[in-house]
Structures are given as C-alpha cells and as structure tokens.
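Quick mapping for you: the protein sequence lines, in order, are chains A, B, C and D.
Take the first sequence: its letters are residues 1 to 191, numbered as in our numbering.
Take the second sequence: its letters are residues 1 to 191, numbered as in our numbering.
Take the third sequence: its letters are residues 1 to 191, numbered as in our numbering.
Take the fourth sequence: its letters are residues 1 to 191, numbered as in our numbering.
Each statement offered as a hint is correct.
Since the list gives no way to pick out one identical chain from another, each pair is judged satisfied if it fits inside one copy or across any two copies.
Once the Cα atoms are required to be at most 35 angstroms apart in a straight line, the calculated DSBU-like pairs of lysine-lysine come out as:
#1 Lys119 x Lys78
#2 Lys4 x Lys67
#3 Lys82 x Lys3
#4 Lys186 x Lys78
#5 Lys126 x Lys73
#6 Lys126 x Lys4
#7 Lys67 x Lys77
If you are wondering where the hints come from, they were derived from the structure by calculation, not from laboratory data.
Chain by chain, the residues:
Protein chains: 4
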Amino acid sequence: MSKKQEIITIARGIIHSKGYQATSISDILNAASIGKGQFYHYFTSKYDLGLAVVEDLVQDLDQQLIKEIFQSKEEAKKRLNKMLDWNLASHTETKSKLGCAVGNLAIEMSEHDETFRVKIKEFFNKWISEVAASLTEMVEENQLDPTINCTKSAQAIVAMIEGGILLMKNQQDIEILATVMDIIRKQYHLI
Amino acid sequence: MSKKQEIITIARGIIHSKGYQATSISDILNAASIGKGQFYHYFTSKYDLGLAVVEDLVQDLDQQLIKEIFQSKEEAKKRLNKMLDWNLASHTETKSKLGCAVGNLAIEMSEHDETFRVKIKEFFNKWISEVAASLTEMVEENQLDPTINCTKSAQAIVAMIEGGILLMKNQQDIEILATVMDIIRKQYHLI
Amino acid sequence: MSKKQEIITIARGIIHSKGYQATSISDILNAASIGKGQFYHYFTSKYDLGLAVVEDLVQDLDQQLIKEIFQSKEEAKKRLNKMLDWNLASHTETKSKLGCAVGNLAIEMSEHDETFRVKIKEFFNKWISEVAASLTEMVEENQLDPTINCTKSAQAIVAMIEGGILLMKNQQDIEILATVMDIIRKQYHLI
Amino acid sequence: MSKKQEIITIARGIIHSKGYQATSISDILNAASIGKGQFYHYFTSKYDLGLAVVEDLVQDLDQQLIKEIFQSKEEAKKRLNKMLDWNLASHTETKSKLGCAVGNLAIEMSEHDETFRVKIKEFFNKWISEVAASLTEMVEENQLDPTINCTKSAQAIVAMIEGGILLMKNQQDIEILATVMDIIRKQYHLI
DNA sequence: CATGAATGAGTTTTCATTCAT
DNA sequence: GATGAATGAAAACTCATTCAT
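Hey, can you work out the whole structure from these sequences and the hints?
Pasting the structure below:
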C-alpha cells in the first residue's frame with residue numbers, strides 16, 4: 001500500500017469517528033506518524049484529503065456492496081438478503097457508536113460543500129438503483145406484489161437502513177438496527 | 001422573548017444549518033448583533049449554549065409532535081397521518097437542505113458527548129413509543145394486521161423518516177421524503 | 001460596619017489568598033453577594049479598591065502592631081517578644097499557606113505601581129523604626145551589646161521575619177517561622 | 001542556543017519583572033519577536049512555559065550557587081562569603097526593583113500551584129542544607145560557637161536574605177540588602 | 001521526498017467597566 | 001443606592017498552511 005493510500009486509510013478511520021471538521025491535520029499526522037511536509041506533499045489541503053477519503057470510501061462501498069453483492073450471480077432475493085447482512089455486519093457491537101461512514105458525511109457535508117454532497121449522492125443513487133433492480137427482478141419472478149413501485153420502495157429501504165443506523169448510533173445499541181432489518185425482510189418477503 | 005431565549009433561537013437556526021462544531025461563537029454574535037460579553041453573561045460556554053439549544057429544540061418538538069399531535073383527541077390513524085404531514089411540512093423546499101435538527105445533532109454529537117446523546121435519545125424514545133401506541137390502537141380497532149410487532153414497527157417508521165430526511169438533505173430534493181412518507185402510509189394502511 | 005468597609009474586608013481576604021491581579025471583581029462580588037452597580041458605586045475601579053485594601057490593611061497593622069504592641073507601656077524586651085508572638089500567631093496552621101498580606105503585596109505590586117509600593121514601604125519603615133527604637137532602649141538598659149547598629153539590626157529582624165514567612169509559605173510548614181523567631185530571640189537576648 | 005531556550009530565557013526576564021500571572025503570552029511573543037504558532041509549537045500552554053522557566057531558573061541557581069560556590073574547594077567561611085557576595089551582586093542598582101526571581105515566584109505561586117511550589121521548595125531546601133553544611137564545617141574548625149543549631153541558623157540566614165531582598169524591592173534601595181548581608185557576616189563571624 | 005519550524009488568522013473565554021432602569 | 005444587562009479589549013489557545021533545510 002502506498003504512503004498516500006496509507007494516509008487515506010488512517011484518515012478515513014479518524015473522520016468516521018470524529019467527523020471531517022472535527023478531525024485536525026495533527027490528528028492524522030499523529031496517527032500516521034508522519035510530518036507535515038509529507039502530508040502536504042501528497043495532499044494540497046485538508047479539503048483535498050477529505051475528497052480523497054470520500055472517494056476511497058465510495059470506491060470501497062462500490063466494490064463491497066455494488067460489485068460483490070448486487071452484481072454477483074445470486075438471485076435477487078439472496079442479493080437483497082446479503083446486502084442487509086453485510087450492512088448489519090458492518091456495525092459490530094464495538095463499532096455501533098460510529099454510525100454509517102457515508103451517512104455521517106452526508107449529514108455533515110451536504111449543505112457545506114457541493115463536491116462532497118454530489119459524490120455521496122452518486123453512491124446513494126447507485127445503491128438505490130441496485131435495490132430497485134433487485135426488487136424489479138423479484139416482481140418479475142412473482143416473489144413480490146407487482147403493484148409496488150420498485151424505485152420508491154428502494155428509496156424507502158435505503159432510508160430505513162440509514163435511519164436505523166442513525167438511531168442505533170444515538171441509542172448506542174445495535175439491536176435497533178437488527179430490528180429494522182427484520183422489518184425490511186418481512187415487508188419485502190425476503191425470508 | 002427574553003434575550004437569552006432570543007440567543008438560543010438564533011443559535012438553533014445556525015446550528016441547524018452548520019452543525020454545532022462548525023458554528024462559532026462569532027457566528028451567533030453577528031447573527032444576534034450582540035457582543036461577546038453579553039453572550040457569556042447568559043451562557044457559561046459554547047457547550048452550555050449547545051445544551052440549551054438541544055433542550056429548546058427537544059422541548060419544541062415535544063410540544064409540536066408529542067403534545068399537539070400524538071396526545072390530541074384524534075383517532076390513531078389520523079394522528080399518524082398528521083405526524084407524517086407535520087414532518088413533511090417541516091422540510092419545505094427552502095429548508096430541504098438543512099435536514100432534521102435532532103437527527104443532525106444525533107449524528108454529530110452522539111459519539112462526542114454523552115449529555116447531548118442522552119437528551120436526543122430521550123426524544124427519539126418518546127417519539128417511537130407514541131408511534132407504537134398509535135399502531136397498537138389501530139390494531140385494536142382492526143385497522144392493522146394484529147401479527148405485527150408495534151414497537152418494532154414504530155422504530156422502523158421513525159428510522160424511515162430520519163433516513164428519508166438524510167437522503168433528502170443529501171439529494172437536495174424534497175421529493176424523496178414525500179416518497180418515503182407515501183410508502184409508510186401504504187404499508188401501515190394510513191390512507 | 002458600612003457596606004463599603006464590608007466589601008473592603010472581604011476583598012482583603014481574597015486578595016491575601018489569590019493576590020491582587022489574580023483577584024477578579026467577580027470574585028469579590030460573589031463573596032460579598034453584591035451586584036456590579038453597588039461595587040462601582042463605592043469604588044471607581046479595581047485599582048481604587050486595591051488601594052483601599054492596602055490602606056485598610058496597613059491601618060490594621062498600624063493598630064495591632066505599632067499602637068497596641070510597640071506603643072504600649074511595656075518595656076522594650078517585652079514589646080519585641082510580643083511582636084514576635086503576634087507575628088507567629090497570625091500564621092496559624094490553617095493560614096500558613098497565605099503568607100504575609102503586606103509582604104505578598106510588596107512583591108506583587110512594588111514594581112508594578114508606585115502608589116501601592118509607597119504605602120507598603122511606609123508601613124515597613126514604621127515597623128523597622130519601632131523595632132530600632134526598642135533595640136535602642138534595650139541597649140540603654142544594658143540588655144544588649146552597645147556596639148550593634150540598632151537601625152540595621154531592626155532591618156535585619158524585619159527581613160528575617162518576612163523571609164521566614166516567605167519560606168513558611170513555600171514549604172507549607174509553620175515550623176520554619178517558629179525557628180526563625182527562636183533565632184531572633186537568641187540573637188537579641190529576648191529570652 | 002535553541003529557539004526554545006531562547007524563549008525560556010526571554011520569558012524568564014519578563015516573568016521576573018512582572019510575575020507569572022501578569023505576564024501575557026503576547027508579552028513574550030513581542031519580546032521574542034515570534035508568532036503565536038511558534039510559541040505553541042514549543043510549549044503546550046502558558047503553564048508549560050511557566051514550569052520550564054522555573055526549571056531553567058532553578059537549574060541556573062543550582063549551577064551558580066550550589067555547584068560553583070558551595071561545592072567549590074574553598075573553605076566554608078569563604079564559601080558563605082562568596083554566597084553573600086553573589087547574592088548582592090545579583091541585585092545591582094538597575095535590577096534592584098525586580099527582587100528575587102525564585103522568591104517572587106514562591107510568593108506568587110505557592111498557594112496557587114503545587115508543582116511550582118515543590119520545585120521552588122526543593123531549591124530552597126538545597127540552599128539551606130548547603131548553608132547548614134558550611135556552618136557545621138565552621139563549627140568543626142572552631143570558627144563558630146558550637147552551641148548553635150546549624151540547620152536552624154541556615155534557615156534564618158536564607159530567610160534574612162530573602163526578606164532583605166523583599167524589603168529592598170519594596171524600598172527600591174539596594175542599601176537595605178547590603179545592610180542585611182553585613183549583619184549576617186557579623187553574626188556568623190564571616191569577616 | 002521528508003522534517004518540523006514558523007506564520008497568522010480565527011476560536012473560545014475572561015474581565016474591568018459602563019449604562020439603562 | 002442598587003441591579004444586572006451590555007460592551008469591548010485582551011487573554012489563552014488551535015489549526016490549516018507555508019517554507020527553509
């Protein structure tokens with residue numbers, strides 16, 4: 001892993017935990033054991049690093065969520081189930097405090113900065129459209145009521161997950177996310 | 001309105017828009033046209049103001065959402081519909097950027113500070129339990145499938161709303177929240 | 001006791017403990033349970049209060065040390081002994097931390113402000129000259145070696161007491177002052 | 001000299017003159033012609049600097065007073081005389097206003113802060129014990145009355161010097177310190 | 001590439017003082 | 001006389017960024 005990538009990875013962890021604005025360059029320097037010069041060699045500014053972090057994050061999610069889960073050869077129902085499992089698994093007991101890395105940034109940065117906002121928006125759009133595609137597939141396979149609006153339902157599912165993570169973070173209790181996942185599974189016949 | 005309340009109200013607006021940490025005392029001073037000394041005459045610290053803001057916010061929501069909507073004499077179905085209407089109305093086109101005042105703070109502060117976290121948690125708990133009570137009432141009146149778990153469903157509803165607001169904020173599009181509300185109405189026979 | 005005197009007395013205690021500069025008007029207002037308006041009714045400024053405090057202090061010492069001890073009808077030897085006793089008694093175990101009220105101000109303010117400096121200087125001069133007079137009397141009564149220089153010895157005695165209090169304050173141990181007093185008594189045949 | 005040491009040295013001078021609390025970071029910044037950032041690059045806080053200043057001060061005194069004078073090969077009488085000379089020389093006419101750097105801090109900080117207090121206390125203890133050792137040596141060499149208590153006398157000598165400096169500072173007159181030194185020399189047969 | 005010294009604008013906070021009531 | 005709201009200068013401290021080495 002290149003030094004630059006190493007810095008991004010470390011910064012991602014800190015930003016996930018403290019938020020972008022509350023994370024100082026020094027926090028990153030200390031955690032990465034590097035000097036100022038090296039940081040500014042790789043990044044032109046804190047903002048530049050922030051963007052790199054979102055890109056790295058979105059790319060990771062793209063790989064794990066979109067490519068490995070949604071674009072796998074599994075059938076739609078299984079894909080949706082895996083997506084829920086993966087989401088739940090991302091928030092283990094110890095990390096339940098941190099919340100969703102993208103969701104946090106969505107809230108912190110959306111009004112603050114267009115570039116951040118759009119990058120995050122694109123990820124959510126991809127996620128929603130993959131969920132919608134899977135739902136459509138389920139409808140086609142007669143596993144789901146054909147009168148539902150798949151796109152809208154996909155938005156609702158992603159909203160529920162993000163809202164569930166928000167509540168989980170606030171209550172410091174992973175149970176609430178599991179509950180939300182259960183409800184989704186029941187409502188969309190994923191069991 | 002007392003000067004202190006005036007400062008809180010102004011600060012609430014700014015914090016809703018920029019977040020607690022990104023809001024500087026100077027932002028508030030300028031918006032309220034007061035001097036530093038006056039601010040510290042009413043509040044011992046920025047943190048003290050932050051707490052006052054959350055309390056004010058939670059109290060307002062308690063009045064508007066819990067007391068005026070849930071504890072009104074309307075029947076359960078109507079109450080839930082009103083709650084959804086009220087939520088949607090809170091995010092007009094112009095304010096769609098800001099997101100949920102409590103939700104934003106939940107994400108920004110939950111890991112950072114216990115006092116903030118607990119105050120917000122208590123509000124969410126109240127909200128969820130009122131939704132659960134309304135759902136129970138609907139079940140009793142045979143308006144809803146009796147096999148559903150009302151508490152869990154209430155959590156899912158609140159999660160969906162908060163998640164919907166999060167997506168709306170990120171997409172800068174109020175439509176997504178309206179969509180989520182529709183789905184809730186359909187799923188819980190509120191139409 | 002007038003309100004003004006009450007404020008002075010309270011301020012004296014706080015200044016003795018924290019020093020003049022480190023004492024804030026608020027400290028005094030809180031301790032005296034009065035408002036800003038009342039304070040500025042009696043004093044034109046913090047400096048004005050400071051001066052009043054030194055004057056009050058010096059006047060008290062003048063009464064207790066100069067008038068009641070040195071200008072009593074006792075014989076010189078007894079007067080000097082009483083002076084030492086009184087000094088020691090002023091620094092009980094609990095107050096050994098505070099040091100000498102005048103000495104502290106002498107160090108804190110002498111370079112800072114001429115008015116303070118001169119007021120304190122006058123007190124020390126009075127003290128020294130009274131000690132000198134007592135020593136002279138002892139010499140005349142053949143209780144002391146006639147070759148000593150009474151004025152210089154008086155300076156040395158006051159220096160020893162003030163230095164002893166300084167060390168006592170720093171060591172937080174009243175013993176050291178008692179030791180110094182003993183030495184003085186032996187050196188000047190006061191036992 | 002390193003920049004850090006340079007800042008300490010400059011700060012020592014200012015603190016000697018104004019006291020720790022009355023010295024502002026800006027005072028130091030201006031005197032040293034550096035920016036805030038640089039200051040906080042070397043010190044974590046004003047307190048941190050304060051501690052560094054006391055340590056630097058105590059170390060200097062340790063070198064000049066303890067090592068170079070008391071631990072020299074001279075005989076006891078000469079050592080004590082040198083100590084008095086050195087003390088007097090430290091307070092030239094121009095600097096007579098400032099008083100004793102350690103003594104000032106002893107009075108300003110002893111009640112305020114334990115760490116300062118203890119560092120200063122240790123210096124005074126060292127000084128006292130060296131004086132005591134020298135007196136003991138003089139007693140052994142029959143230059144001094146064997147019935148005196150050397151430790152107590154050492155305390156008295158240091159007290160006299162510190163008290164003399166206090167009076168000198170307050171009277172703005174170096175003469176008084178010279179007088180005190182004379183008295184010490186006579187009392188302990190140092191002439 | 002890398003270090004960390006240096007800059008300076010901005011942040012939170014304190015506090016003596018004034019002023020309207 | 002008395003209250004405490006209001007002012008504003010200055011304090012301690014933070015932090016992104018630049019620059020000499």
